[in-house]
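S.K.: Residue strings, one per chain:
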Amino acid sequence: MAAIEESGGGGHGKGDGKVRGKKMSTRVDMTPMVDLGFLLITFFMLATTMSKPTSMSLAVPDKTEDQEKPTEPLKASKVLTLFMGANDDVYYLDGIAADDDKAKTDLKTTRYGFDLRSVIFASQKRINAANPKDEDGNEAFVVVIKPTAVSTYKNMVDVLDEMAITKTKRYALVDNLTDAEKKVLGDKVIPKN
Amino acid sequence: MGKVRPKKHAPHTDMTAMTDVAFLLLTFFIMTATFKSNDAEITTPTSISQIKVPDDKIMVISIDKSGKVFFGVDAQPTRAAMLENIGQAKGITFTDTEKAKFALQSSFGVPLNQLKPWLNMPKEQMSQVKQPGIPVDSTGASELADWVYAARKADSQLRIALKGDNLSKFPAFKDVLANLQSQNINKFNLITGSEQAPAGYTN
Numbered sequence: 004m005a006a007i008e009e010s011g012g013g014g015h016g017k018g019d020g021k022v023r024g025k026k027m028s029t030r031v032d033m034t035p036m037v038d039l040g041f042l043l044i045t046f047f048m049l050a051t052t053m054s055k056p057t058s059m060s061l062a063v064p065d066k067t068e069d070q071e072k073p074t075e076p077l078k079a080s081k082v083l084t085l086f087m088g089a090n091d092d093v094y095y096l097d098g099i100a101a102d103d104d105k106a107k108t109d110l111k112t113t114r115y116g117f118d119l120r121s122v123i124f125a126s127q128k129r130i131n132a133a134n135p136k137d138e139d140g141n142e143a144f145v146v147v148i149k150p151t152a153v154s155t156y157k158n159m160v161d162v163l164d165e166m167a168i169t170k171t172k173r174y175a176l177v178d179n180l181t182d183a184e185k186k187v188l189g190d191k192v193i194p195k196n
Numbered sequence: 023m024g025k026v027r028p029k030k031h032a033p034h035t036d037m038t039a040m041t042d043v044a045f046l047l048l049t050f051f052i053m054t055a056t057f058k059s060n061d062a063e064i065t066t067p068t069s070i071s072q073i074k075v076p077d078d079k080i081m082v083i084s085i086d087k088s089g090k091v092f093f094g095v096d097a098q099p100t101r102a103a104m105l106e107n108i109g110q111a112k113g114i115t116f117t118d119t120e121k122a123k124f125a126l127q128s129s130f131g132v133p134l135n136q137l138k139p140w141l142n143m144p145k146e147q148m149s150q151v152k153q154p155g156i157p158v159d160s161t162g163a164s165e166l167a168d169w170v171y172a173a174r175k176a177d178s179q180l181r182i183a184l185k186g187d188n189l190s191k192f193p194a195f196k197d198v199l200a201n202l203q204s205q206n207i208n209k210f211n212l213i214t215g216s217e218q219a220p221a222g223y224t225n
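Protein chains in written order, with the working numbering: chain A, 4 to 196; chain B, 23 to 225.
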């Protein structure tokens, strides 16, 4: 048991014949204090959040900026288009435009995480092998990310994270679907009420 | 008889050392503890990003799971200055008590027209009332934009962080984005939890 022991009671001199009080034990029972100490430790350990949140920076293109040099339209063969659907599904068109006749049959579905990463890596490898780098030294591979009304914020962060993991430098977050894309996706991206 | 018995020891163990360690730990945890504020419950998604969220000079726009938007600025003087700025812009005068009370709110989600009644509630009631969220729409000129403007006017060094819930729908984020972009804010931080990068990933 935790106890403080002190030798000697009072500091009285000897033999002065005074009536002394009974010597009390100077042992203090520290058990309640220790109990309380551990209780508090437990509480603070549980209440502390150890991992600080991290942040990813996101830069979006300036809307007001005048487009001095019009960017040339992307070739569908160099683009992987990801559509973020409901229930954590990702639909994608790999190197094919949505207005292509084969788009409907070519539309595949995958899941976030490892599956999506494999899709991006495969597409990245194929497109970069087939197309040379442009004059600025950028790789040909471009990902177009299309969030839809049924996707969640987590989906978007997940996809942006995949861009960091696969080191895809050129990607675009486009939040409107073209008519052709709407046709291809059909009712997959319409919110159900 | 005649057996040698080990001397009986008193069953006292010296707990001083243990107590010392326990209290050292206790001190450590008390010092490092940061308490959850009464902000809206938001579970952020995770990312492999290693950048830490700055502690000061930051405004946080939070989107909760139903798409309600909350707004918060870290420093108390900035909060008061921000309230004054928005009051000037909207023609509302706030009393000193209201300003003092507002400065204590780490984050809020009350439309401007309900702000004054909310600030005049007793303290306990204030935290219990269900906040409807700051009005946001896709035009980019809603109240959130006014708040962001007022906050930046109060402290031009403020960084902007977005904190969205896992389950919030994308359109809610898009509306917030529209409000920021309308003010030429094109770079901001998304607050996420940390996550281990997949095997084989190199920076």
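Derived from the structure by calculation, the hints contain no laboratory data.
A few of these clues could be false.
As the list claims (entries may be wrong) - Below, in silico cross-link-like pairs of lysine-lysine (PhoX-like), each with a Cα-Cα straight-line distance of 25 Å or less:
1. LYS25/B x LYS74/B
2. LYS55/A x LYS123/B
3. LYS185/A x LYS170/A
4. LYS172/A x LYS74/B
5. LYS170/A x LYS128/A
6. LYS196/B x LYS209/B
7. LYS196/B x LYS172/A
8. LYS170/A x LYS87/B
9. LYS172/A x LYS136/A
10. LYS121/B x LYS87/B
11. LYS90/B x LYS29/B
12. LYS175/B x LYS152/B
13. LYS121/B x LYS55/A
14. LYS175/B x LYS55/A
15. LYS55/A x LYS81/A
16. LYS78/A x LYS186/A
17. LYS55/A x LYS79/B
18. LYS170/A x LYS121/B
19. LYS209/B x LYS55/A
20. LYS191/A x LYS74/B
21. LYS209/B x LYS191/A
22. LYS186/A x LYS79/B
Claimed, not checked - Some chain B residues near chain A, calculated using beta-carbon distances under 8 Å:
23. LEU48
24. SER149
25. VAL151
Positions of the beta carbon are idealized from the N, C-alpha and C atoms, including for glycine.
S.K.: If a hint holds in the structure, say so; if it does not, say that too.
M.R.: To see whether the hints hold, each was checked on the structure:
1. LYS25/B x LYS74/B: violated, 70 Å
2. LYS55/A x LYS123/B: violated, 28 Å
3. LYS185/A x LYS170/A: violated, 29 Å
4. LYS172/A x LYS74/B: holds, 22 Å
5. LYS170/A x LYS128/A: holds, 12 Å
6. LYS196/B x LYS209/B: holds, 14 Å
7. LYS196/B x LYS172/A: OK: LYS196/B and LYS172/A at ~22 Å, within 25 Å.
8. LYS170/A x LYS87/B: Roughly 30 Å separates the two Cα atoms, so the pair is violated.
9. LYS172/A x LYS136/A: holds, 13 Å
10. LYS121/B x LYS87/B: violated, 29 Å
11. LYS90/B x LYS29/B: violated, 73 Å
12. LYS175/B x LYS152/B: violated, 29 Å
13. LYS121/B x LYS55/A: violated, 30 Å
14. LYS175/B x LYS55/A: With a Cα-Cα distance of about 28 Å, the restraint between LYS175/B and LYS55/A is violated, given a limit of 25 Å.
15. LYS55/A x LYS81/A: Violated, because 39 Å separates the two Cα atoms, which is more than 25 Å.
16. LYS78/A x LYS186/A: holds, 20 Å
17. LYS55/A x LYS79/B: holds, 17 Å
18. LYS170/A x LYS121/B: Distance of about 47 Å is beyond 25 Å: violated.
19. LYS209/B x LYS55/A: holds, 21 Å
20. LYS191/A x LYS74/B: With a Cα-Cα distance of about 37 Å, the restraint between LYS191/A and LYS74/B is violated, given a limit of 25 Å.
21. LYS209/B x LYS191/A: violated, 31 Å
22. LYS186/A x LYS79/B: This hinted pair is violated, its Cα atoms lying about 46 Å apart.
23. LEU48: holds, 5 Å
24. SER149: violated, 19 Å
25. VAL151: violated, 25 Å
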